[in-house]
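A.B. asks: Following the hints, complete the assembly by docking chain B onto the known chain A.
One letter stands for each residue in the lines below.
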Amino acid sequence: DTEVTQTPKHLVMGMTNKKSLKCEQHMGHRAMYWYKQKAKKPPELMFVYSYEKLSINESVPSRFSPECPNSSLLNLHLHALQPEDSALYLCASSPYPGTQQYFGPGTRLTVT
Amino acid sequence: KNEVEQSPQNLTAQEGEFITINCSYSVGISALHWLQQHPGGGIVSLFMLSSGKKKHGRLIATINIQEKHSSLHITASHPRDSAVYICAVSFAYSNYQLIWGAGTKLIIKP
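Residue numbers (my numbering), protein chains in the order written: chain A, 1 to 112; chain B, 1001 to 1110.
Any given hint might turn out to be false.
Reference listing, derived: stretches of chain B covered by chain A, where coverage requires no fewer than 3 residues with Cβ under 8 Å from a Cβ of chain A [unchecked claim]:
1. 1027-1034
2. 1042-1049
3. 1101-1110
To give a feel for the contact side, a few chain B residues facing chain A, derived at Cβ under 8 Å [as the list claims (entries may be wrong)]:
4. S1007
5. Y1096
6. Q1097
If you are wondering where the hints come from, they were derived from the structure by calculation, not from laboratory data.
Computed from a predicted structure; not experimentally measured.
Beta carbons: idealized from backbone N, C-alpha and C, even for Gly.
Bound-form chain A, shown alone (with noise of 0.2 Å):
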């Protein structure tokens, strides 16, 4: 299995939905990160989890709780979300953290 794969594809939400975003890989990545993308910008990193323990939190606000179970699940919470949050929503792994990275599909998220 050679993917990142990213759950769902599609979100729509409302500003006091509770919602989570799920991304899962079976690399044996140790490393792995979410991004916020809007239109026609480059990537924005959010968080980095390097063994399972979160090393990189970029300033993101509260309302974005990202959690990591175990080494091949990484989940993004979202709750009392704000219509700028609306965004494509990028998870990525890498071997370990400054190799390759290897993206997932995305998940593009409207908050309503």
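C.D. replies: Leaving out everything else, chain B in the frame of chain A:
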């Protein structure tokens, strides 16, 4: 400041043409990455290189460390190569976070 500049911003070419996209950066890096993003989102990592040249199919990536410059070449371009190509660099001292260029939008016409 770590900056990554790509050129051109947009490129339209005919099928079969040889394509070159350039990337320059301002400070020493640990690695340079070339990535491809198709409309609709998914990003594919094409190359990660720190010296010399790498080839995969019709794609070739080169890097000149002294000149802080890298090029991505596509030979015998095809409409399916139409995508945004992004250069990014990583630095050991910043936990290998990627610093992204703005991307080059490539359109190959049949």
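A.B. asks: Against this structure, judge whether each hint is valid.
C.D. replies: Hints versus structure:
| no. | hint | in the structure |
| --- | --- | --- |
| 1 | 1027-1034 | holds (count 3) |
| 2 | 1042-1049 | holds (count 5) |
| 3 | 1101-1110 | holds (count 3) |
| 4 | S1007 | violated, 15 Å |
| 5 | Y1096 | holds, 3 Å |
| 6 | Q1097 | holds, 6 Å |
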